Amino acid sequence: MSRVSRPEQSAVPVTVPGELSTGAGRDRSPAAPGRAIAALTLRLAGRGAVLLAVAVAVWLGVEVASYRTAYPDGVSPVQFTLFADNPAVRMMQGVPTDLGTAGGFTVWDAGWMLMLLLGIWGALTATRLLRGEEDAERVDLLLSGPIRAERAMRIVLAGIGGLCLAVGLTATSTLAVTSGDARGAVLFGIALGGVAATFASVGAIASQLVDVRRRAVGLSLAALGLAWVVRMVASSADARTWMQWLTPLGWLQQLRPYGEPVYAALAPLVIVPVLLATLAVLLRRRRDLGAGIVAMETQPRSRPGRLSSPLAFAWRSNRGVLLAWTLGLAAYSAVFGALIATMIDWLDKDDQYRSLLDSFGFGAMLSPLGFLAVFASFGVLAVALQVVWRVGAARAEEESGRAEVLLARPVSRLRWLGGHGVLALLGGVALVVVTGTATWAGAVVGGSSEITWADSMKAVLNGLPVVVLAAGLAVATFGVIPRATVALSAVLIPASYLLTVLGAALRWPSWVLDLSPFTHLALVPAQPWAAASGLVITAVGLALLVLGLVAFDRRDVVNT
Amino acid sequence: MADPAIRTVGLTKRFGDVLALDHLDLEVASGEIFGFLGPNGAGKSTTIRLLLGLLRPTGGAAWIDGIPVGDVQRAHRSVSYVPGDVSLWPQLTGHEVLHLLGQVSGRVDVAYRDELVERVDLDLSRRVRSYSKGNRQKVSLVAAFMTRPSLLLLDEPTVGLDPLMQAEFQSLVREASARGQTVFLSSHLLDEVEDLCTRVGILRSGVLVEVTTLERLRSMTTTIFEATLSGPPPPLDDLPEVLGIEPMTDGVRITVSGPPGEVVRRLAEARLLRLESHPPTLEQIFLTYYETTEAQRDAVAAAHGATGAGGRGHGGAG
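These protein sequence lines are chains A and B, in that order. Using our numbering, read the first sequence as starting at 96 and increasing by one per residue. Using our numbering, read the second sequence as starting at 3 and increasing by one per residue.
Since the hints were made in silico from the structure, they are not lab data. Since the structure is predicted, the reported quantities are computational estimates derived from the model, not experimental observations. Warning: the hint list may mix true and false statements.
As the list claims (entries may be wrong) - Under the rule of at most 25 Å between Cα atoms (straight-line distance), these lysine to any residue pairs were calculated in the SDA-like manner:
no.	chain 1	residue 1	chain 2	residue 2
1	B	K135	A	R223
2	B	K135	A	G496
3	B	K135	A	V653
4	B	K135	A	V500
All chains should be built: construct the whole structure from the sequences, respecting the hints.
This is how it looks when you write it as structure tokens:
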């Protein structure tokens with residue numbers, strides 16, 4: 096404490112309020128608050144954007160390299176029809192076009208997943224900065240400065256938009272270097288950035304409508320899910336491709352960066368994010384800080400009976416999220432189930448084509464049951480992610496310090512975390528049953544009478560070991576590296592799914608494919624259940640679960 | 003005369019069915035330290051957030067230095083805010099937070115900032131994540147004072163500070179006031195307000211019950227007399243200033259509001275052995291406003307020729 100001095104004695108001239116507005120000699124300009132908020136936005140979202148950009152660049156590099164290895168002479172016409180007419184592939188990846196070049200193949204093969212990834216990132220980032228920061232009451236401090244809330248929001252939105260574009264341009268530069276077609280790379284990059292910005296704007300609107308970030312994320316992801324379903328329907332038959340205009344996830348397909356580009360498709364990619372962001376700012380004007388446009392329950396009822404144990408409390412805290420996932424997955428599965436008959440009818444008309452596929456060994460995938468099996472694995476991926484998020488709720492409880500309140504009472508750590516783990520697993524099983532039932536119901540309504548409820552259930556229950564593995568992985572991460580609970584599992588599980596899907600198409604060595612649990616699942620019900628694999632995966636999942644419980648019991652409770 | 007630092011007219015805020023603030027009429031003069039008292043949930047934070055334009059009023063209006071609070075670009079040019087429950091960005095260091103908030107305010111008195119950091123004994127090199135609640139509070143106090151604002155809106159600012167730091171905070175507020183800065187200090191810590199403020203407002207369930215100087219408040223409110231008597235206690239029920247009488251072992255405890263002359267005269271006639279009086283702490287004053295009814299206060303006021311003791315909004319720069 097060497098230079099404690101009273102302000103009257105300090106070198107700074109004594110200031111009276113009247114002089115403050117001119118403030119000679121101090122750092123002061125009208126642009127300063129805006130610049131500070133822009134810098135903060137980049138600080139809060141920049142690291143995620145850089146990680147995403149690196150992932151996108153590596154992914155695209157690997158895609159192009161794999162394409163060159165697998166198809167040195169380009170995709171042959173036979174292979175092209177194989178992709179184009181496989182309903183599962185079409186609906187998942189989109190209608191294949193322009194596969195003759197490495198760039199075109201990459202856009203088709205990786206574009207759909209990258210769009211989903213960037214869309215989710217955009218929505219999560221926007222809701223975090225525009226609602227999460229407000230939930231934490233950090234925005235209050237910023238808005239007590241001389242800056243209007245709408246202007247601060249425009250700056251944050253511009254920052255997120257800039258990051259979206261930057262991630263898109265990373266894709267552009269990677270593809271331009273590796274595939275050697277600058278125009279296609281630029282168009283693809285703009286499309287990726289535009290999709291990310293669109294869902295960031297959707298997240299911004301959701302952040303104005305509802306008053307907790309969790310709800311805003313739910314709304315945004317529901318919008319993304321809807322966009323994905325529309326895209327699937329649009330890709331299911333050539334007659335329906337016009338529907339791609341209706342979904343942000345379809346604009347890339349219309350743009351055709353590596354074919355004959357349809358430049359009109361650039362318009363929605365640029366205009367829609369800006370329009371939606373403008374709408375979000377207009378909505379901001381109509382609400383108080385911390386409030387949502389849609390008033391949530393104003394008169395909460397106390398229901399202490401449902402708080403009789405930590406388990407009951409954990410269930411109550413998350414049943415809303417589970418219900419949302421249930422409805423979303425049920426709708427998605429039903430739509431998919433209803434489309435099976437259409438796809439199969441369409442394939443049945445071409446005997447020659449069917450025999451061709453049989454000779455390639457792909458026949459199983461083109462039967463209704465094979466189709467069901469392929470789709471079920473995608474549903475299982477979604478359920479596994481939900482389970483990870485559910486375990487992430489335990490981490491959120493710990494991080495916020497709320498877990499301490501319970502653990503300071505006679506509640507053992509094993510009981511607390513075990514309760515969360517059990518609920519995660521039960522929720523996963525419930526979602527699997529819902530997915531199976533909804534697919535079957537959709538299939539029956541859509542005319543696939545040969546699919547029984549038992550078939551549909553077998554298809555999804557086949558993936559249950561992966562759900563157990565996901566729960567175990569998340570709990571183990573929670574026990575060992577708490578801050579990575581969601582991040583690690585939410586990256587590893589989709590990555591292993593991609594490994595199975597992409598690796599097979601790109602003819603990666605089998606030992607690489609074997610790293611993914613999805614590789615070990617048989618195509619049930621088209622193939623018999625691979626009992627040994629299923630049991631081993633389940634056992635590994637349970638072992639990880641126990642490991643996580645033990646590790647949590649031994650480590651500190653970390654509330655930061 | 004210059005515009006008051008804060009002025010509100012009929013300021014009202016309703017959250018759904020809940021009336022959080024009901025027709026607040028208030029003026030705080032430039033350079034004043036104004037205490038804003040009330041229990042939890044009385045509407046103190048709501049008032050401050052309305053003054054900051056963070057909430058839109060359901061009715062009425064408010065001005066800071068004559069500028070409507072909705073015009074935040076002008077109104078916030080010389081305003082600092084310290085929230086009661088400070089939330090900062092966990093991944094930033096203390097230094098980065100100060101830089102950020104200084105940039106947002108648009109100007110920082112760097113020398114004064116460094117002095118403040120030393121006075122509150124803050125290590126700025128650490129991340130907010132590792133700060134205790136008290137340290138986060140210190141960061142937000144430094145951030146508020148370092149811009150030398152003309153108006154400081156402080157919402158229960160000493161929650162989480164140790165007594166030494168509370169004392170340091172009080173001297174910071176006094177120095178600010180001496181320089182002509184206005185301080186609006188919301189608190190339920192009565193000691194804090196008692197030591198600092200010249201005027202206080204008392205808020206209860208969203209209604210401003212009273213605005214007055216501390217001096218006047220003290221003179222108008224209760225004193226407790228403990229009289230040891232060798233005879234039976236005198237009749238006191240008929241005196242309007244007597245709010246309560248409790249028997250003690252050797253005498254009587256009397257709660258008196260207003261001048262106690264007549265009470266003391268009657269006690270003296272009743273063979274008084276010992277008389278102790280407790281000057282009212284703000285705590286007692288405060289409780290008086292909760293425990294006594296408006297009718298009682300009006301009766302007291304009428305008996306002593308005062309006006310509007312129970313009314314709201316004395317307003318005006320005292």
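So, going through the hints one by one against the coordinates:
1. With a CA separation close to 23 Å, the supplied pair B/K135 and A/R223 stays within the 25 Å bound.
2. Between B/K135 and A/G496, the direct Cα distance comes to roughly 13 Å. Compliance with the 25 Å bound is thereby established for this hinted pair.
3. Of the pairs offered as hints, the one joining B/K135 and A/V653 holds, with about 16 Å between alpha carbons and a cut-off of 25 Å not exceeded.
4. Straight-line distance between C-alpha atoms of B/K135 and A/V500 comes to about 17 Å, which keeps the hinted pair within the 25 Å bound.
Comparing the model with each earlier hint shows no violations; every hint is respected.
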